[in-house]
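Quick mapping for you: the protein sequence lines, in order, are chains A and B. Under the working numbering, residue 604 is the last one in the first sequence; the count climbs by one each step, no gaps. Under the working numbering, residue 604 is the last one in the second sequence; the count climbs by one each step, no gaps.
Note that these hints are calculated values from the structure, not bench results. Check before you lean on any hint, since a few could be wrong.
The list treats identical chains as one, so a pair stands whether inside a single copy or across any two.
Stated by the list, open to error - As a list, the in silico BS3-like pairs of lysine-lysine whose alpha-carbon atoms are at most 25 Å apart: (1) K255 <-> K235; (2) K343 <-> K365; (3) K343 <-> K309; (4) K431 <-> K272; (5) K255 <-> K431; (6) K255 <-> K365; (7) K272 <-> K255; (8) K255 <-> K593; (9) K431 <-> K343.
2 protein chains.
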Amino acid sequence: MTLDSLDRAACAAMDAADPLAPLRDRFDIPTGMIYLDGNSLGAMPKGAAARAHDVVTREWGADLIKSWNSAGWFDLPVRLGDKLAPLIGAGDGEVIVCDSTSQNLFKVLSAAVALRPHRKVLILEGSNFPTNNYIAQGVAAATGGRVEVRLCEKDEIADAIDEDTIAVAITHVHYKTGHIHDMAAITARAQAAGALAIWDLCHSAGAMPVDLGGAGVDFAVGCTYKYLNGGPGSPAFLFAAKRHQGHALQPVTGWWGHAAPFAFEPGYRPQRDIRQFLIGTQPILSMALVEVGLDIHRAADMTAIRAKSMALTDLFIRLVEERCAGHGFTLASPREAAARGSQVSFAHPDGYPIMRALIAAGVIGDFRAPDTVRFGFTPLYVGYVDVWDAVDRLVTIMDEGIWKRPEHQIRDAVT
Amino acid sequence: MTLDSLDRAACAAMDAADPLAPLRDRFDIPTGMIYLDGNSLGAMPKGAAARAHDVVTREWGADLIKSWNSAGWFDLPVRLGDKLAPLIGAGDGEVIVCDSTSQNLFKVLSAAVALRPHRKVLILEGSNFPTNNYIAQGVAAATGGRVEVRLCEKDEIADAIDEDTIAVAITHVHYKTGHIHDMAAITARAQAAGALAIWDLCHSAGAMPVDLGGAGVDFAVGCTYKYLNGGPGSPAFLFAAKRHQGHALQPVTGWWGHAAPFAFEPGYRPQRDIRQFLIGTQPILSMALVEVGLDIHRAADMTAIRAKSMALTDLFIRLVEERCAGHGFTLASPREAAARGSQVSFAHPDGYPIMRALIAAGVIGDFRAPDTVRFGFTPLYVGYVDVWDAVDRLVTIMDEGIWKRPEHQIRDAVT
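Just chain A, with the same shape it has in the complex (with noise of 0.2 Å):
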């Protein structure tokens, strides 16, 4: 198609012919809102609302304590983790839903310290989401100097993977550019040199097969609250290959990893099989939401969830390229769709005001400084006219310099 025959008539007709859309009614979207920070905080699954009222009333409520075991509360973490493995490519008893990235995060980082007692580096990208980096530094001081974190860009990490390697631990999708890491090969060069392979799939799990069984990955850890719906600060998820389970132990041993958790034993005893990367009492009602988000994407086809994210990035991208052509964007994520997750970001000098302006005109992206609009696709609920609408209020912003006025130079927002 070419520009001329490409307009918002040609969207709704994908639309109309998108086997995805009918899942879209599964969300409540505020009215006139375009939003595309999925990649952030997923929407509400119209299913939240009444979930959450029957936990609050009827679970806590009415059966109170009973709950834990009628309602399935002590069984949530590895109930919603078999729900969630079939969307990373990982079996049951792999993954479990519990506590937040970081700490999961910490728990993997830590069991593959002692897994690989005589190493003594840890491999992170250095321009990822900085929480992962920090917390692998704070891993290698409670050991106190043996280890030690090396922070490489992408291109060097293949290269930097040698015999002192404890572990590659490796955002699969970048927050900031969407570019996406060979997963299979990463894996199986750190394996080749005796090292493990952990992944962060908080930008990947929900919106693109992830096949973490095929490529026999060891870890993996990720949120429940961007692609997958699960709500603010939903629990995150764990995932350990089920031939490390119970080799790999992580340190914060509290009473729900322990093997006889109600046998009020006097010396921990870890579990052997995914439970004892629990620790302590999780947020019910929050862990709850979860499965509200998951069985949405059951519903789905994740092949039909890439091949619509990769058709609503290269469309945005191509929208933004030619009728903003001038304004100064320059795209900041990898041109091949194949090569990209589902966000697309473009680099601006003036990206912060104009993303003030396109959230005041209900296009709803974010920023990351010091010149990125970021800009996320979730294929259940962004369809093709909402790219339209998205780039049409784009420029306008930007044919009428709209994003010069002085409200939107205000800086005032953290995410």
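Mind docking chain B on chain A? Use the hints.
The following block gives chain B in isolation, referenced to the frame of chain A:
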């Protein structure tokens, strides 16, 4: 009063004179149920369902990522901590609400180990709720043998403290017996020896006056889902005395504990205040409900709560001992109210089927192996007639041998 004069009408008169009685209407207790298990999971405040609905539909559903700022999600840990602080004798900026009790204990024990690098012993109570001891074992193991855990029984703690002691980490009110430790005396004894005093307030926060500041306590942790009524698995709290902030560092160095979390600096640089004890993104929905429970407490006087708690538990002990005399119950809690938390335990060789029969009769307490029936009395919603009626049902169960029925012998409950 003699037993003859102490009848249900006398209990009703006590309820009528109870200054806390109006607060019961702030809770939804199922009709016909006498809930004596608020020391395991607090009852549901009536405001909880509306608050959950608002967080889900408005803050998440309508305002989406804007709520990190506009709804104050980022500030919740500190704001809730400041709201909780007066209940435990802490000052502004000394308490934070986040994560689980086990995780928070890991942080403060790790901080204590780092603050006392030339000492080697962590002292805990052996008969404590086991997760505390497990966590301490994990912290010790992570030092590679430098640190060891010494488990004492309650009368041995003071004498065990010496110049090798890093910290004593004691649960203020024992989960099973309700015995109250002398916080001021043990803290003073520990500090006189150069050790740190860490207190677990799971069974005291909200149930009685606690004066961390007056006792000069170093660190404390506790949960919000028992007497504070925050909901199942609601996030826990952590107290660090101001003098330790900026010096005491914990090893799980996630971005929420960074001095500038949104500067995305390559290296971890700790916050120099209570926020250094944060790790990652919090479960906002579970977190938000903590405030509903705290707001009820702010309408109550802690001296009145404690006075009623002692009266309720005294009454329960007296009625059980008098009306169930000869049925084999032995008091397993301190007889003196001043030495007892807001709970009463009795030992009975058939405690398990007796508790099952009680639960079937609508009196919810719990059982702790091998032989303890445990009853919690939350002064905010338990009244004197509740105590009378609970014992009345127990009398029937014992006099008529109802607990011997086959359905009460089944061992399936875990709480």
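Hint check:
1. For a Cα distance limit of 25 Å, the shortest separation of K255 from K235 across copies, 19 Å, qualifies, whereas the shortest one inside one copy, 28 Å, does not.
2. Taking identical chains as interchangeable, the C-alpha atoms of K343 and K365 lie at most 25 Å apart only when both belong to the same chain, with a minimum of 13 Å there against 54 Å between chains.
3. Taking identical chains as interchangeable, the C-alpha atoms of K343 and K309 lie at most 25 Å apart only when both belong to the same chain, with a minimum of 21 Å there against 43 Å between chains.
4. With identical chains, the CA atoms of K431 and K272 are at most 25 Å apart within one copy only, with a shortest distance of 17 Å there and 44 Å across copies.
5. Taking identical chains as interchangeable, the C-alpha atoms of K255 and K431 are never at most 25 Å apart, the minima being 32 Å within one chain and 40 Å between chains.
6. Proximity of K255 to K365 under the C-alpha cut-off of 25 Å is restricted to the inter-copy arrangement: shortest distance 19 Å between copies versus 45 Å within a copy.
7. In this assembly of identical chains, the alpha carbons of K272 and K255 lie at most 25 Å apart only when taken from the same copy (24 Å versus 30 Å across copies).
8. In this assembly of identical chains, the alpha carbons of K255 and K593 lie at most 25 Å apart only when taken from different copies (22 Å versus 59 Å within one copy).
9. Proximity of K431 to K343 under the C-alpha cut-off of 25 Å is found in neither arrangement, the shortest distances being 29 Å within a copy and 42 Å between copies.
Checked against the numbered hints given earlier, the structure breaks hints 5, 9 and satisfies all the rest.
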